[in-house]
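Both chains come to you apart, so use the hints to assemble them.
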Amino acid sequence: MSTPTFGSDELAQFRRTFFEECTELLADLEERLGALVAFSSDVESLNAIFRAVHSVKAGAGAFGYTVLVGFAHRFEALLDRLRDGKAELDERTLVSLVAAADVFSALIDLARQGEMPADDFGADVAEELSALLDGETPIHSAAKAVESTAEEAPPAAEKTYKIVFRPNAELFRHANEPLYLIRELKTLGTLTVDCDLTRLPSFEAFNVDDAYLGWTMTLHADCSPAAIAEVFEFVDDECELTIEEAPTVSIKPDESAPIVAAPATPIPAVAPSPIGNKPESKTGSISSIRVDLFRVDRLVNMVGELVIAQAMLAQQFTESRDNDDPAAHQGFEHLAGLTRELQECVMAIRMQPVKSVFSRMPRLVRDVGHKTGKDVRLEMAGEQTEVDKTVIEELADPLTHMIRNAVDHGIEDAATRLAAGKPAEGVIRLSAQHAGSNILIHVEDDGAGFDRDRLLAKAIEKGIVPAGLKLSGEEIDELIFAPGFSTAAAVTDVSGRGVGMDVVRRNVLALGGRVQVTSTPGKGTRFTLVIPLTLAVLDGMVVAVGWEKYILPLTSIIESFRPGRGQIRFIPGGGEVVSIRGEFVRLIHLARVFGVTEAIADPCQGLVVLIELANGSKLGIVVDELLGQQQVVIKSLQDNYDPVPGISGATILGNGRVALIVDIEELTRLHDRNARTADTARPIAASA
Amino acid sequence: MAEPQDLSSTGLDATTAQTRQFVSFRVGDDEFAIDIMAVREIKGWTETTVLPNQQDYMLGVLNLRGTIVPIFDLRCRFRLGLTTTTSSHVVIIVAIGGRLLGLLVDAVSDILTINVADIRPVPDVDQPIDNAFLAGIIPVGDSMVVLLSLENLFANHGPANDAVAA
Numbered sequence: 001m002s003t004p005t006f007g008s009d010e011l012a013q014f015r016r017t018f019f020e021e022c023t024e025l026l027a028d029l030e031e032r033l034g035a036l037v038a039f040s041s042d043v044e045s046l047n048a049i050f051r052a053v054h055s056v057k058a059g060a061g062a063f064g065y066t067v068l069v070g071f072a073h074r075f076e077a078l079l080d081r082l083r084d085g086k087a088e089l090d091e092r093t094l095v096s097l098v099a100a101a102d103v104f105s106a107l108i109d110l111a112r113q114g115e116m117p118a119d120d121f122g123a124d125v126a127e128e129l130s131a132l133l134d135g136e137t138p139i140h141s142a143a144k145a146v147e148s149t150a151e152e153a154p155p156a157a158e159k160t161y162k163i164v165f166r167p168n169a170e171l172f173r174h175a176n177e178p179l180y181l182i183r184e185l186k187t188l189g190t191l192t193v194d195c196d197l198t199r200l201p202s203f204e205a206f207n208v209d210d211a212y213l214g215w216t217m218t219l220h221a222d223c224s225p226a227a228i229a230e231v232f233e234f235v236d237d238e239c240e241l242t243i244e245e246a247p248t249v250s251i252k253p254d255e256s257a258p259i260v261a262a263p264a265t266p267i268p269a270v271a272p273s274p275i276g277n278k279p280e281s282k283t284g285s286i287s288s289i290r291v292d293l294f295r296v297d298r299l300v301n302m303v304g305e306l307v308i309a310q311a312m313l314a315q316q317f318t319e320s321r322d323n324d325d326p327a328a329h330q331g332f333e334h335l336a337g338l339t340r341e342l343q344e345c346v347m348a349i350r351m352q353p354v355k356s357v358f359s360r361m362p363r364l365v366r367d368v369g370h371k372t373g374k375d376v377r378l379e380m381a382g383e384q385t386e387v388d389k390t391v392i393e394e395l396a397d398p399l400t401h402m403i404r405n406a407v408d409h410g411i412e413d414a415a416t417r418l419a420a421g422k423p424a425e426g427v428i429r430l431s432a433q434h435a436g437s438n439i440l441i442h443v444e445d446d447g448a449g450f451d452r453d454r455l456l457a458k459a460i461e462k463g464i465v466p467a468g469l470k471l472s473g474e475e476i477d478e479l480i481f482a483p484g485f486s487t488a489a490a491v492t493d494v495s496g497r498g499v500g501m502d503v504v505r506r507n508v509l510a511l512g513g514r515v516q517v518t519s520t521p522g523k524g525t526r527f528t529l530v531i532p533l534t535l536a537v538l539d540g541m542v543v544a545v546g547w548e549k550y551i552l553p554l555t556s557i558i559e560s561f562r563p564g565r566g567q568i569r570f571i572p573g574g575g576e577v578v579s580i581r582g583e584f585v586r587l588i589h590l591a592r593v594f595g596v597t598e599a600i601a602d603p604c605q606g607l608v609v610l611i612e613l614a615n616g617s618k619l620g621i622v623v624d625e626l627l628g629q630q631q632v633v634i635k636s637l638q639d640n641y642d643p644v645p646g647i648s649g650a651t652i653l654g655n656g657r658v659a660l661i662v663d664i665e666e667l668t669r670l671h672d673r674n675a676r677t678a679d680t681a682r683p684i685a686a687s688a
Numbered sequence: 001m002a003e004p005q006d007l008s009s010t011g012l013d014a015t016t017a018q019t020r021q022f023v024s025f026r027v028g029d030d031e032f033a034i035d036i037m038a039v040r041e042i043k044g045w046t047e048t049t050v051l052p053n054q055q056d057y058m059l060g061v062l063n064l065r066g067t068i069v070p071i072f073d074l075r076c077r078f079r080l081g082l083t084t085t086t087s088s089h090v091v092i093i094v095a096i097g098g099r100l101l102g103l104l105v106d107a108v109s110d111i112l113t114i115n116v117a118d119i120r121p122v123p124d125v126d127q128p129i130d131n132a133f134l135a136g137i138i139p140v141g142d143s144m145v146v147l148l149s150l151e152n153l154f155a156n157h158g159p160a161n162d163a164v165a166a
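Protein sequence lines, in the order shown, are assigned to chains A and B.
Everything in the first sequence is counted per the numbering used here, starting at 1 for the first residue and increasing by one.
Everything in the second sequence is counted per the numbering used here, starting at 1 for the first residue and increasing by one.
Looking at chain B on its own, in the form it has when it is part of the complex (with noise of 0.2 Å):
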């Protein structure tokens, strides 16, 4: 993948005021990056108890270390149809509103620490996925990665809501 713009040597300087850090990750062929304040582990893919009666991403739930994590498939929260799972693939585990859940993707690519100013709004254009998923695109050389909104990507996951939206 392409370098980053702004390769801070020193994790001082990396999380400034302006500058904040994200975690890249490849769905398909396709680069995305979430907050790396959210992250709290990344681990291999090991098979999952599927709860019954879910929506297709939800692909169940494993073990971590004592609790009960749920693992969804990011490339079919897409609508790009179920991940073929291998022991390659990756799991980032993430904190959202006090909640922990696991993310699969396919691969994580890097660390990205990002002038803050050098996020650019999402435009609005027609593609599988939804925009309220998209919190920004950030150009990293010739291509660009997309900042997903956790948030928005499993708000129907909230606490007090079981009705699940497709």
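Isolated chain A (complex conformation) (with noise of 0.2 Å):
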């Protein structure tokens, strides 16, 4: 293909969009791909993985990447073969698939990073589609002369079809070009073309940007119907478009058959249809439109300041003398409403379904499973379950790692599991669900549990626990999260290269989630994450300690109250802990903790606010008051200073003032150096 005139600037652009586009494609091949090896022989995915090749073929050849073209070619010719039929989806076939994803998915990583690859990059793949081509068409010896460039399966005989098509006016809008499309056309054989002038209007009539003609066009070729539909693929609900066949030559019966059989082929055989509707696949992309992630940020940063701004006018509105104006009072509330609206408008846009990540995971079972000689079976629900777009990004990590481990550690080897009374598949469950501003995120499996004497003498053994230290069941668990932990007995080649569940805390934490682990011997491992759907707003308590005003994230608050003076037990040793409904739950004061002089130090005095943990452990946070709570959205400190152990992030006030968000999960350890170094940081002065 000639190289676009474009500027330089535009063609980056260009470039820029295709990759883009690529990295959809790609996704949704990822996807369906799972779908065939879930299923197999499923049409539909044959369908769309085909399209998604085809599609990067062609974005490939116009900026001239001609090894992926070259790939994608070879792909595609493997896939048309077998949506039509004419190749078995067998074992060999799905290995072979899955692998030319991943060289066609290198390849275009390649090519995005302006690399060129290696000559004989995925240069065994290659050959076994080759191969696999070859193979399956023993029909035809000379297949085997043109192999990597043969086109479609060539049947025996040359017929004759009547092509009509007619283009809707708007065909140019869409960037389709017939000229480009009679020409491929020509590719397939003899083409001899009438041009209908029929719909030409008057000249004053006349609209540059519509399409008026139509072409009536006889093709004598050895192609397929499903191969001349091919060619108007991306204009099919754009034009009326009908392919016969002029009966001048006999089919054979078993050629015309599995194209008939193929329920989402476009074009049935010989009954002759026009082609008005889209086909189902491709409603999905055709209300959405591709935005630059930086403007959406933008947007949400800016609804963010309105938030607080609104925030700050309701209070100088509330505490100024002359707030007494029903008017006015309606007016706030209406705007309030509007605000509050407009975020949750704002923030929908980056929402997107878990589906694009969970869509990796089948893939992932599969591998490992394989590599493990496990027998594992992936089941999935909640796909559709929306989270922002950032959130999605971070979770793929976890997930992985989580997956992974379940197959190798959790699921056990098939005799080992029959001996148990199990099935020999092992089942992993992924599921995502929402929980009010929260996401859950269930990976279970079941295994064999925890092995708990093992975790535990594990954890002795590397110093994470002192020995003869009393654990309960729960708590041995928990250890899995320590760090430098892994509990595969032998390292093997999936797992226990140093990473470990600790990283995956770490990253939930990271995301202002939390992670829990359920384990029962013998029938399985649960892992939940709880991890909120923004990272841009959250739902916070407003405290007061002193002088200052601290953020508490409502989500791990269980609830509040002041402690009666018999509730309040020491531990000799300086502990101090809260009695609640017969649990002894270790009391933290935030004062002590922040360093905040004037704060009220008794908590009977104040108030406890009690936590959840995410390792599902309590605490009592004392506090001097609870100021309300509201939805406060979240300004990184780290853009312009370091982190600063204890808080997660700052928010702004409807007073203008910036209050920091506490980091829960910091706190006990920052006691506890606090407590070790005694008073060396500066007490915070009261202001006023």
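Please keep in mind that the hints were generated in silico from the structure rather than gathered at the bench.
A couple of the hints might just be wrong.
To be verified - Some chain A residues well away from chain B (every beta-carbon gap over 12 Å; in silico):
| id | residue |
| --- | --- |
| 1 | Phe-19 |
| 2 | Glu-91 |
| 3 | Ala-419 |
| 4 | Lys-523 |
| 5 | Ile-571 |
| 6 | Ala-650 |
Said to hold, decoys possible - Facing chain A, according to a computed beta carbon distance under 7 Å, are these residues of chain B, among others:
| id | residue |
| --- | --- |
| 7 | Leu-51 |
| 8 | Pro-52 |
| 9 | Leu-64 |
| 10 | Gly-66 |
| 11 | Ile-68 |
| 12 | Pro-70 |
C-beta: ideal position from N, C-alpha, C; glycine also.
Written out as structure tokens, the structure is:
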């Protein structure tokens, strides 16, 4: 294809768009491939994969990525053979398809980085594709000669097709050009074209942007009707198209049969029918636009500012003396409502189904299952659950790790399972659901559960817990999150690369979420991730400590109460606990941890906020009073300053002042450290 | 204060190759200056939100139109004790290495246009201010202005460094 004559800026822009599209197409491809692997012979998936490869090929051709085009071509040829039913989707083909998808994706990556792939890059996979292409077409010895460029499976005899192609008026507006289509048709065989001028309007009514011409074409070719339909694949919802086989040559029944049997092939083999309707698989992309994430981020930020400004205004109005105007009150309420709604709308723009992450997992389970020789099935639920795009990106790593772990360590091998009276095939369940402003993600396996004795022994051996310490079963399970911990008895190919569940926990905590584990020996293990839907806002409880105000994340708060004198116990050695419903909960004074003076020191005078930490344990935070809950826009401290232990971020209150968001997970650690280093930090001076 | 030697009447002449402009300010009885190119804005002192367990010269953060900006007490950074802040104190917002931060000073004095050749190296003297903080000395009339190195002042608050040295 000739290089488009655009300026370099435009070209770069087109290229960027192309790679963005590639990312989407690859995600779709991956997902469809997963479906294919799971259910086999799913024609719909085959078609989708074919379309993805084909679209990338078309774009790659335009930008001159010849290696990519070459590979895509071979990939496409095999897919085409499969969807036409001319090749069988057996285990070997599936494995090759998965491998081809990898090479394909790697080639796209290389092209994106502007690097030339090595000559033999993916050669083995390409050879395998060619072998499959050759192997499954023993009818044609000639096919071997054309080998890699084997376009479509050439049926035996040449046929004559009558093709009527009438573009809708808006064809050009979607950047389609009939000339290219006709040229491509010509490559299939001998083509005669008659132009139909009947729809040409008078000169006055002529609109240069509209398509008026139609064509009636006769094609002598040895291709299938599907191959012709494919030429029109990208315009089939923008034209009337009839592909009719002229009854000049008899068709062998075994050639037409697979085409008829393939329900998703848009053109029925012989029946002449106009193709006016869009194929179902295309509907998803029709009503969406592509927007630079940066613009959305700016919008989110601006709306965040608006929320703060609105809160400030409302507060100033409430505090002002002449605040008894009912109309103004109403106005402020209306404004507050609108602002909240606007914020929700804007946040919703960035929401995406977790499907994009989930769809990578079947593949992973298959791969790891293969490597470890285990028979594992993945069940997924709630793929449509939506979460902020920034969160989704951060989910991939922890999920990958947990699922890999589940297959590698969680699920037993078939013999052990059978001996334990379980089916040989292990099951991993991955599910997502909304819970308030959080998303809950469960990763569950029906494996052996944790071997608590071994966990404890290992923790002692690694010095994570002192020997002789009495731990409950749940506490032992929690050890899995300890840094440097790996449960694998032997380091395997799949895991044991020094990355453990502590990394998962760190990733999840970085997202403002938490991870819990429940394990039932012999029955399986269940990890639960609780993750906020968005990283931009947080439902917080504003608490007062001395002169300072802090925000506690509402999701962690169980309740708050003022303890009675009898509920407080001092533990020798300095600890303080509160007894609530028979449970003893450790108390931490926010004022002491943060060095705030003039705060209430006696919990019985102030309040205890009962918190649940990520590991499921509870903590009582002593504060002066609760000032109310509100949604806060999270601002980063790190933009301009170093991370502050115990503080996860900041927000701006209605009065314009900055309030700090407390990182409750860090509090205990911070408390212990402060206790050790005594009072080196400067106490916070009272400020009015 | 003393008049700078070269008072350029036109802004154009002021930024030719040989001259640079500095904002000078007062901390205690001493006059300091920083490169004007680093200065983003100058505002009056407002109460900050104190960050827990920080160095004493770190006064906390304030809200600069939606951005959280840390504020440092220069006097305290020079180990001359904490500033007792009043509403007449001034915060100079500067950009260093892609970060915004505020410097609490007693008062902003002037904008100096200095011939680069006039900037003298810092002599090795015994003083409370760490020599690394100083980029040079500018003679202004009979007096002198100490040119600060913003990079060195807050070098330990770099993006990858959370250890706080005194």
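Next on the checklist: Would the hint on Ile-68(B) be counted as holding, given a Cβ-Cβ threshold of 7 Å to chain A?
Outcome noted: 5 Å, holds
| request: May I ask you to test the interface hint for Leu-64(B) with respect to chain A, counting a Cβ-Cβ separation under 7 Å as satisfied? | output: 9 Å, violated
- Hint check: 7 Å Cβ-Cβ cutoff, Pro-52(B) to chain A: 4 Å, holds
* Asked: Can we trust that Ala-650(A) is non-interface, i.e. its beta-carbon lies farther than 12 Å from all of chain B?
  -> Incorrect as stated: the minimum Cβ-Cβ distance to chain B is 5 Å, not above 12 Å.
Item to complete: With chain A as the partner, please determine if Pro-70(B) meets the hint condition of a C-beta pair closer than 7 Å.
Response: 4 Å, holds
| Can we trust that Ile-571(A) is non-interface, i.e. its beta-carbon lies farther than 12 Å from all of chain B? | 24 Å, holds
Check: Would you say Glu-91(A) is clear of chain B, with no C-beta pair closer than or equal to 12 Å?
Finding: 49 Å, holds
| Are all C-beta atoms of chain B more than 12 Å from that of Lys-523(A)? | Lys-523(A) clear of chain B: closest Cβ-Cβ about 43 Å, beyond 12 Å.
Quick one, is the Leu-51(B) hint okay against chain A at 7 Å, beta carbons?
At about 5 Å, which falls below the 7 Å cut-off, the nearest Cβ of chain A leaves the hint on Leu-51(B) intact, so it holds.
- Message: Would the hint on Gly-66(B) be counted as holding, given a Cβ-Cβ threshold of 7 Å to chain A?
- Response: This hint holds: Gly-66(B) lies near chain A, its Cβ roughly 5 Å from the closest one there, short of 7 Å.
Consistency of the no-contact label for Phe-19(A), given chain B and a CB cut of 12 Å: At about 27 Å from chain B, Phe-19(A) clears the 12 Å cut-off, so the statement holds.
**Message:** Using Cβ atoms and 12 Å as the threshold, tell me whether Ala-419(A) really stays out of contact range of chain B.
**Reply:** 52 Å, holds
This entry does not satisfy hints 6, 9, going by the numbered hints stated previously.
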